[in-house]
Every structure is written in structure tokens, then in C-alpha cells.
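Taken in order, these protein sequences are the chains called E and F.
Heads up, the first sequence is in this note's numbering, so the first residue is 1 and it goes up one at a time.
Heads up, the second sequence is in this note's numbering, so the first residue is 1 and it goes up one at a time.
Stretch by stretch, here's where chain F covers chain E in the computed footprint (C-beta under 8 Å, at least three residues):
(1) 26-38
(2) 45-52
(3) 64-72
(4) 77-87
Treat the hints as calculated values from the structure; they're not laboratory data.
Quantities reported herein were computed from a predicted structural model and do not represent experimental measurements.
Note that CB positions come from ideal geometry on N, CA and C, so glycine has one too.
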Amino acid sequence: MNEMWLGYCAAGLIGIGLYGLIVNPQPLHKILAFNIIGTGVFLVCAVVARRGAMPGMGGDPVPQALLITAIVVAFAASALAVALLVRLFEVEGRTTLDEDEVPPRTDRHGRGA
Amino acid sequence: MTTSGGLLLVLAVLAPFAAVMAGLVLGGRNAERVALATVGAGLVIAFEIARAVLASGQPMVYLLGGWAPPLGVALRADGLSVAMMLAVGVVIAGVAVYARADFGTPTGMHETRVSLTFWSLLMAAWGALNLVFVSGDVFTLYVALELLTFAGAPLVCLDGRGETLRAALRYLVFALLGSMVYLLGVFLLYGAYGTLDIAMLGERVAASPLTWSAAALMTTGLLAKTALFPVHLWLPPAHAGAPAAASAVLSALVIKGSWFLVVRLWLDVFPGIVTWSAAQWLAGLGVAAIVTGNLVALKQVRLKLLIAYSTVAQVGYLFLMFPLAAGARAAHVDDTAAVTGGMLQAISHATAKAAMFMAAGLIYTTLGHDRVAELRGAGRVLPMTMLAFALAGASLIGLPPSGGFLAKWLLMSAAFSSAQWWWALAMLIGGLLTSIYVFIVVMHALAPADVGWTPKRTVPGYQQGVVLALALCSFLLGAAALLPPDLMRVGRPHTAWVAP
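So here's chain F without its partners, still in its complex pose (with noise of 0.2 Å):
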């Protein structure tokens, strides 16, 4: 049944992509005036559906012409979905309010090819993860990922050269291959159980060979779209090649896309057959990616690929939740805590991943480099911006207040809850690493420049201002500890915590 005001979900995929096709037909500045009014737009729709599934309680769907699964498509939105909507919403509209420094069009200019591919593709991104949030069927998912990666992977070359586009198409093979690999477990998926819906596969899953050989393909699949280790090896070239702005789009928002596909299927989809050493293997590899991310983050000589590899070790502590859910289903209590912590870590990286990006983008137009070695002079010539970066530095490393803080200590109390201290000790030794380099780029950047040093260009207040409040959410996000609703529970299946 669609509920009311499920239109809303129509119209939150619906918006980007017309302003992609709007922005195409009437070019030039055109183009980021319609991406600027879209995010308005697309903020207010998001607002909105968190307002109607917090007042209602329920999830919000829609069948698509009224034809309902599983012959029809539904779009369903449950908390998880609109806490990563708004998530996105947020860090789309701070992009766009730096971008506009980097790719408006030169006065005198009718249109430059790198702006109007950038508006466009920002778009058709936002659009992508739009429909990977709100689709109720897995194939629907694997279209969403594959518009996601079509966006994402020339946002990766947008300067053209060769360097990002050798990044680029490494980018795209690993993207490919892994949902061509989802793609063969929906595939088998569906000939088993003759459904494509999440609800319904959820409930008629049983624990066979086939099901098993589906699950392992569709995550192996989307591991390597996520860039879980060790199929990291693309992230960091293509994040760190890209603009400021794209880099932020990509290592915030591009690969939650496929994580949260992850966390779909492991919660909605096949709950009940995850076994207890699958969910451990892929923790395993979160730890894994954590400590070596964060290795290789302190050995870099360039700021970008610092905060690159960062997100590689971020991406472990994504894959904490799988265990702890599992282990407090198995024991049957709530795995709101696990759950809960998952998603504020998704979220709380989103916004200080972005602001750390941007940052870095900023540096390295005042500086005119970003080795951070030679960071001397930043903090003097750009204090507003890297007490952006302390902030969201922080928020990695989980102080309190930060969303990252109250993330990890979710994660860190279901560790205890559910008997399993091994990852509450991989995420203090994770926190641990992750303050050294944070500690290393503000200490260089705190030192005083040399005498007579001029910046080589200064850059517009409002950049540094976007850049402080996106750090500013992710900082303050673990206040969301006292909103009285809340709002990830919505939909969550309630059985497992009233079974006992």
C-alpha cells in the first residue's frame, strides 16, 4: 500500500536527475543555477519525508503505477533510509555552496566544460543515492549502484589528466566487476525465490547452498564498490586526483552508497542466515582496513592521500556493526545499539570527511601545495578552516561531543553487551592512530610561516564559513544522543528484541 505522501520519494530521486537534464538543455550558468535551486528543493523534500515517518511512526512507500511487489517496484523509506537522506542532503548543500567558487563560469564565458559536467554530475549523484535509499528491490539497487558509479567515476577526472583518468578507469573496472558479481547473486536470488523485494525475500529466505552462494557474491560484490581491504587499492589515486569538491562528493557520500547496500541486505535480506563466523571475517576485514589505513595515512608526504587513506580505515569501522547486530540477535536483545552506532558513523564521517576535503582543497589554493610537511603558515592564513579540520579530525578520532564519539561508544557498549571486547579494542587503537596524523597536520599547519611569505591566493570567506559548518555537524552530532525520537528505529523489525 502506498502511504501518504509517498510521492515525496518520487520526487527526492526525481529532482537531481531533472536538474541534470534541465542543466544539460540550458547550459552554461544555467546549470548551476539549477543544481542550486534543486538543493533547495531536494532539502526541503527530505525535511519533509523525515517529518511524515517520525510523525507516523511507519515507514513510507510507494508502489510505483499502483502495481504492487512482487510483480511491482516499491520505494520504501524506513529510518535508516531518511537518516542517510537527510545525511546526504546536508553534505550536497555544503559542496555546492563551496563549489561555486571552483566551478562557477568565468564572467565573459558562455560555458566551460569542466563546470557544466561538475553541476551535472553532482546531480546524478545525489539522484543515485536517492534511489539506493529509498529502493525496496535489489535489482532496483544494482541500477542505483551502477548510476552511482556512472556519476562517481568521471567526477574522479573532471581536470582531465592522465594521471586521474588512469584513477578513474581502475575506479570503474572495480565498480564493474563488483556488480556484475551482485548482479549473478540477484540473479540466483530470484530463481530461487521468485522475488526481488526486500520484505518479501526477507521473509521466504531459507538457509541453503544457494542462499548462501548469493549472499557471499552480492557482498563480495559490493565490498569492492566500497572499498573494504583488500580491495582498497583504487580509493585512495581516485579520491585524492579529484578536485576538493568531487574528492568530498566521492570518499563522503559515493561509497556509503554501496556500504549501505551492505547493510540491507545483512539486516533486511538475510538476517537469518548470517552465520556468526561470516559476520566475524567481515569485521575482520574492517580491523584490518583500519589499522592499515591509518598506517599508510601516517607515512604520506600529501595531504590529500592523507585524508584518503583515512577514509580506507573509516570504511573498517563501517564494518563493526555486522558482529554486534548478528551477536545481539543471536542473544536475543536489541540491536538498536549496534545499529544505531553503524549509522552515526556513516554519517558522522560524511559530513567531517567533507569538511576535510575541502579543507585541504583550500590549503592547497592558499598555499599552492599540500605537502604536509610544509604546511607552515595555514593556520595563520586560514584560521576559520583548520579549526574546520581539528574539529572534524576529532570527530575520526571520537572525542566527545562528536557524532563520532557517540558512534563508537554504540559500537563499543554492543561489543561489551554481546561478549565481543576484541573490536572495542581495534577501534581504540584505530582512534589512537588517527590522532597522530590529525595531531601532525594541525601541529605543521599551527607553525608560524616564514618571514616575508605572502598566500598565493586567498580564498572567499564563504568557503572557508561552509567548510567550518559541515565540520560543525559532525562535531555536534552526538547532541543527537538527546533528540527525544528516534528516528533509525522506524521499521526496524521489532522481533528480534521481543522473541525471548
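Next up, chain E with everything else stripped away, as it sits in the complex (with noise of 0.2 Å):
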């Protein structure tokens, strides 16, 4: 029955992510998102390394495994992300993808901007 629960909170941890993903378009917000689905698909992983546990074991190993390298490749996609996000504000001094708007005139380091 646990681990019910675990999966009801995965899917409104994807749900809720995913909202905020598709709703939000600041790009900070995205990441954000990202990582709030991660931990949701995350979390589903280890609901299924519980319930494929063997008598006597806490959980099946191997999705652990599979848990700690996506989480370490969902942390460097997020460091990538990032650092694109800051360098995007230090080149225009703004961080929103729409191309429509005009760019600030002043200060094209973004410093303060």
C-alpha cells in the first residue's frame, strides 16, 4: 500500500512539473520544472526497485543503479542549462526566450541590467 502512495506522489510531482514547464516561459522556470519531473520519473524508479525487492532485500538493486546515473546525468543537463541561462544574460542582460521582444539598449553585459 506504500508504495501506492509513492506512485500517486510520482504522478503529481510529473504532473505539477510539467504545468509549470509548459506554463511558465521563463527559462529559470523550465529548468526548475525539469528537475521537479525528474524527481517525480525518479521516484517511480524506486517504486519499482521496492516492488521487484526479493524476499529478506529492501529493494531490487539494479533500478538503484539506474537511479544514481540519472540522477547524476539530470544534474549535469541542469548545469548545462544553467550556465547557457547565465551566459544568455551576461551577452543581452535578459533571460526570456521570446524573440519578439527588443533587446535593452543599455549595458550589454547585463550587469545590473
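Please assemble the complex out of the two chains, which come individually in their own frames, going by the hints.
Take a look at the structure:
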């Protein structure tokens, strides 16, 4: 029954993350939303590990190994996205992905913009 | 069981990544030297794998650490993997030669950021693609796809302009969402069947709501990364904004990685549970991509954006093989025509699109702009390049004897033999639309230049030569029909066409 609730939590997290990713135009929000989706997906993996446990063991070790790899990969992905975002702010002084807006003329390096 | 020569598969993946490390450590001009040496070595490895697989007629397998699946991880190269590895090796070699002029370290400087980054990312993308082609389990494929994204996104924004940074970020967001959705499908499959190995999953999967959800999630995630209509919006700014050599890698190769994974899933993991209507929907999206991509390409003012929208359309063709292969299987006949047609379409598009983007790069360097309506004089200054552009265009249109012709011929014959004529109609309309914009570009380029006009810069002859060579690869690929050995068939399940 415990796994059932964890599964619902995972579904909720994925739903919240998807909503945030689609609705919010700010790239930083999108990166955070991606991480929330990721947390939900990893929770699904944890549930899979728990349900696949052999008698007397806490969990199936294979999904746990996958989980660690996936967390590292997702962390690297977030780091790359944030690095791109910081660079975008340095170059343009703003962080929207919308091309229609006119970029601010002042302070091309974005300090304090 | 590890087959003889299986270690070559490990080398094919490791060599490019070793080159990334070595390039970073040695730095400066050495990164380029290491990359060029690795291109040579990697081509030899790819040809050796192809020779061994053709000689034995069996897929090549390597078990990492000697551990057999389901506990261990297997690398496996069947005919489809080998064909893609060869094509990618040839395109990477062409791009590497071309990029020496644009990304060489200038004399008098120890190291420039752009050239060091480019050579590292080129090798990283190659290693990741090889890993996609030889991975035998769905989780290693996830890691390989992520590596491909990490190499592809920075290639978009090599020049560091705000506009390309935005394109790279948007690409990254689509790609990350896609891979997370794919990963959810992987976990669901493991939870249900207790294995990640593609061959074992293929035997175990049963038609159930869970398998359908996993298949839908994994396919959707991969479509976002392949930029199939309607999730193609990130592609044109990303591919058109990058420098020419990077555009060639992104448009010709990187999107093929996630497409190849769809092929793996639909042909090897889920062949029994893919329904007729699901395959029709997938190819229906492909037709929508062909029509919208080509129509929007017609309206483009800039040549690189035109080529990028042409990629959106060509991605559509890649998905026509799925209902045709499924139709053949349902009728208990050989699905080789559909599968080979789809693979040839991928390979001929890879070579043709790389040639086109690099030709556009040479035109940009020579004229100082790439506005389609003002290309006059380009044909006079760059005759070889315009010939290459026209030959690559002929392959995209599907004129004989090009690879695109053979691919469309095979797909059309598969469409008629499985009584799905509407896909043939879509291919004809697509070819017609493609021919219009190829002719528009060539006509403008062949117009005589204004009196007294001189080119901004002259480009080295070897750059023109390598572009023409890649275009010729695509144009003459149709001759592959004359080759006796049927590489694509190696390792394909024979059950479907012996069964009736």
C-alpha cells in the first residue's frame, strides 16, 4: 500500500513539473520544472525497485543503480542549461526566450540590468 | 556471448571520447590534430566492423566485463547499426576536413575558445552517436542520447551570440523533456519485464496497457528530440544559427540518433504490440512535417533557414517506414523494402544535408550574406559548390540515381505492396515541393553577377572539394542497389517472412 502512495506522489510531481514547464515562459522556471519532473520519474524508479525486491531485501539493486546514473545525468543537464542561461544573461542582459521583444540597449554585458 | 572482434565496438565508442579527453589535456592546435587522427582511426574501425559483420552474416556482440544480460550490458551491432556507423563516419570525416579552415587555430595564437570547443564537441557527438548505434539496452541508449544532447546544444551556440544562445536553450529544454519522458518509459518497462536488454524485451513484451503507455512515452520523448512535426519549432533557429560545420553535424547526424532509437524500439522491442492505427498516426505526423516543412521552406528569405526547414520536411520521410514495415509484417511478408528504404533515406539525407549546409557556409563566406534572392554570381565564383548543392538537392528530391531516389523507390514499392498508396502520394507531393525550392536557389545562384562585383573572400579549394564529395556520396548512393551483400538484413529477425 505504501508503494501505491509513493506512485501517486510521483504522478503528482510529474504533473506539477509538466504544468510549470509548459505554462511558465521563464527559462529558469523551465529548468526547475524539469527537475521536478525528474524527481517524479526517479520516484517511479524507486517504487519499481521496492516492488521488485526479493524476500528479505530492501529493494531490487538494478533500478537503484539506474537511479544514481539518471540523477547524475539530470544534474549535468541542469548545470549545462544554467550555464547557457547565465551566458545569455551576460550577453543580452535578459533571460527570456521570446525573440519578439526588443533587447534593452543599455549595458550589453548585463551587469545590473 | 561476445563474438570475435567484439572489442571493435568498444573501440568505436571509446576512440572519439578518448580524443575529447586528449584534446582538452593537450589543448590548442593539438585538439585539432588529435581529432583528425581519430577520424582516420574511427573510419578504419567502422569499415573493419562492417567487413566482419558482412563476413559472418551475424550481428557483432560484446558483453561488457563478460556479464550477460539481464544483469550485464551488451553492445550489439546488427546491419542497421553498421550502416549508420559507416554513414556517420563518412559525414564526420567530411565535416572535419571542411572545418579545418573555419575552426583552425590562427597562427600566432596558442588556443582559441571556439576551435577547442568545436573539435571536442565534434568528437563527443561522434562517440555518442556510435554508442546509440551499438547499445543493446534501453537504459544505455538513454545515457547515449543525453551525451548526444550535451554535445549538440553547445554546437548550436558556438559563436556565443544571444540569438544562438536562446536557440540552444530552447533546444535543450525540448531535448531534456524528451529524454525524461523516455526515461519514465524505460522504468515502466523494467518494472513490468525485469530487463533492459532490447533482445530480451522483444521476447517478453506483451500487449497490455502498461506496455502501450511505455511505448507511447518513449516514442513521444524521442519525437521531441527528432523534431518531428508538431514539436519541430526548436529546430530551424538552432540549426540555421550555428556555424556551417556545426549545422551540418546537427542537421545531418544528431537528429538521426533519436530517430534510430525509434527504429530500434518499433522494430525490435515493440513489433508485436504496435497497432496499425498507431503506425498510421506516426507516419501521418511525418506527412504533416513533409508538407509544412517544405511550404515554410519556400517562404524563407535566408538560405540557411531554408535548408533547416527542408530538414523538418525530410524528418517526415523518415517516419513513413513504420506503417509500411508494420503492414508488411501484418501481411506476413518481408519488411526489408520498408526498413531498407527508411535507412537509405536517413543515410542519403545525412550526406546530402551535410553537403548543403556546408555549401551554404561557403556561399555565406564568399558573398557575405545568404539571402536567396541575392545569390547572383555565386554560380560563377563557386561552380563546384553550386554543383554540389544541386546534386544534394537532387538527392533530397529523389531523382535517379541518387540515394533519395532508391529510398523513395523502396518505400513506394512497400506502400503499394501493402496497399497503403496514400504514403506514395505524400512522397510525390513532397518531392515536387522540394524541387521548387532547390530550383529557386540554383536559378538565383546561376544568374550573372553585377558588373564590377568581386567576392568578399575566396574559400580554399579543399573545402569546395569535400562538399562536392559528400554530395556525390549522396547522389551515387542509389548504386548501393547493385551491391550484392545485403548489409541491412544482417541480424534482422527472419521469422516475419518465413512464417506464412
